[in-house]
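Undergrad: Protein chains in written order, with our numbering: chain H, 1 to 110; chain V, 1001 to 1115.
These are computed hints drawn from the structure, not numbers from a lab.
Some hints here could point you the wrong way.
To be verified - The list that follows gives simulated cross-link-like pairs (lysine-lysine, DSBU-like), each with its CA atoms no further than 30 angstroms apart:
1) V/1018 / H/109
2) V/1036 / H/57
3) H/81 / V/1036
4) H/97 / V/1018
5) H/109 / V/1041
6) V/1041 / H/68
7) H/68 / V/1040
8) V/1036 / V/1019
9) H/81 / V/1040
10) H/57 / H/97
11) V/1040 / V/1018
12) V/1041 / H/97
13) H/81 / H/109
14) V/1041 / V/1018
15) V/1022 / H/97
16) V/1041 / V/1022
17) V/1022 / V/1036
18) H/97 / V/1040
19) H/57 / V/1041
20) H/97 / V/1019
21) H/109 / V/1040
22) H/57 / H/68
23) H/81 / V/1041
24) H/109 / H/57
25) H/81 / H/57
26) H/97 / H/68
27) V/1040 / H/76
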Amino acid sequence: GQNIDQPTEMTATEGAIVQINCTYQTSGFNGLFWYQQHAGEAPTFLSYNVLDGLEEKGRFSSFLSRSKGYSYLLLKELQMKDSASYLCAVREANAGKSTFGDGTTLTVKP
Amino acid sequence: ETGVTQTPRHLVMGMTNKKSLKCEQHLGHNAMYWYKQSAKKPLELMFVYSLEERVENNSVPSRFSPECPNSSHLFLHLHTLQPEDSALYLCASSQGITSGTQEQFFGPGTRLTVL
Chain H
1 GQNIDQPTEM
11 TATEGAIVQI
21 NCTYQTSGFN
31 GLFWYQQHAG
41 EAPTFLSYNV
51 LDGLEEKGRF
61 SSFLSRSKGY
71 SYLLLKELQM
81 KDSASYLCAV
91 REANAGKSTF
101 GDGTTLTVKP
Chain V
1001 ETGVTQTPRH
1011 LVMGMTNKKS
1021 LKCEQHLGHN
1031 AMYWYKQSAK
1041 KPLELMFVYS
1051 LEERVENNSV
1061 PSRFSPECPN
1071 SSHLFLHLHT
1081 LQPEDSALYL
1091 CASSQGITSG
1101 TQEQFFGPGT
1111 RLTVL
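Chain H on its own, in the form it takes in the complex:
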């Protein structure tokens, strides 16, 4: 099975940079996903890492270290609309099953 930890809540200021960490303990690993979920809405895909290193996509970047069981999501130039829950999910080696963390609720303040 999987054990996924991420902070419950974070607060940051508009225009700033925030890093949301995710640590995991797995019996198998086949990729790590980050999703964004606004209140009352469905999760939407942000990024995917399967190899160590940084994946950059506009204002969002995601990093993975498989040896450390660690990932982070980096959000730059924060905007008010970035206030949402950010979900870390690990896909197990047996295809199809992804386990989600509890999510980190990010509040962006003016």
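Chain H is already provided as a structure; the job is to place chain V on it using the hints.
TA: Coordinates of chain V only, in the frame set by chain H:
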């Protein structure tokens, strides 16, 4: 219609009722998923279907019964539910379940309340 759609969006049912949730994906994907999202809890995977075959059943009570008649449609049949089953039920699809990114596209969910 585009993406993943779910009906109904809201459902209130008694414990003795039988109802069904419907999910349809318009993305040409081969895999579909049911998740349960309760307040203060992480997304819980319930079922995974790949090419209409169930490949994962995550220890879900038998009062939840999935059906996947084809790769575009997924149902969740509900009967004799309990109040603790009240939650947001999310459907998702992905291109497949094997190699590659296989990001999941989620529907808007059905907000279920069991009285």
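Undergrad: Each hint needs a verdict: does it hold in this structure or not?
TA: Hints versus structure:
1. V/1018 / H/109: Cα-Cα ~45 angstroms, so violated.
2. V/1036 / H/57: holds, 29 angstroms
3. H/81 / V/1036: Holds: residue 81 of chain H and residue 1036 of chain V sit about 25 angstroms apart, inside 30 angstroms.
4. H/97 / V/1018: holds, 28 angstroms
5. H/109 / V/1041: It holds: about 25 angstroms lies between the C-alpha atoms, which stays within 30 angstroms.
6. V/1041 / H/68: This hinted pair holds, its Cα atoms lying about 25 angstroms apart.
7. H/68 / V/1040: Judged against 30 angstroms, a Cα distance of about 27 angstroms means the pair holds.
8. V/1036 / V/1019: holds, 16 angstroms
9. H/81 / V/1040: With Cα atoms ~22 angstroms apart, residue 81 of chain H and residue 1040 of chain V stay inside 30 angstroms; holds.
10. H/57 / H/97: Satisfied, since the Cα-Cα distance of roughly 25 angstroms is no more than 30 angstroms.
11. V/1040 / V/1018: Holds. Residue 1040 of chain V to residue 1018 of chain V sits at ~27 angstroms (cutoff 30 angstroms).
12. V/1041 / H/97: It holds: about 18 angstroms lies between the C-alpha atoms, which stays within 30 angstroms.
13. H/81 / H/109: holds, 10 angstroms
14. V/1041 / V/1018: Between residue 1041 of chain V and residue 1018 of chain V the Cα gap is close to 25 angstroms, so the pair holds against 30 angstroms.
15. V/1022 / H/97: holds, 21 angstroms
16. V/1041 / V/1022: Measuring from Cα to Cα gives roughly 23 angstroms; hence the hint holds.
17. V/1022 / V/1036: Holds, at roughly 14 angstroms.
18. H/97 / V/1040: This hinted pair holds, its Cα atoms lying about 21 angstroms apart.
19. H/57 / V/1041: Given that 30 angstroms is the threshold and the Cα spacing comes to 28 angstroms, the pair holds.
20. H/97 / V/1019: Within the cut-off at roughly 26 angstroms; holds.
21. H/109 / V/1040: holds, 23 angstroms
22. H/57 / H/68: holds, 23 angstroms
23. H/81 / V/1041: holds, 23 angstroms
24. H/109 / H/57: OK: residue 109 of chain H and residue 57 of chain H at ~23 angstroms, within 30 angstroms.
25. H/81 / H/57: holds, 17 angstroms
26. H/97 / H/68: The given pair, whose Cα atoms are some 21 angstroms apart, holds under the 30 angstroms limit.
27. V/1040 / H/76: holds, 27 angstroms
Violated hints amount to a single one, hint 1; each of the other numbered hints is respected by the structure.
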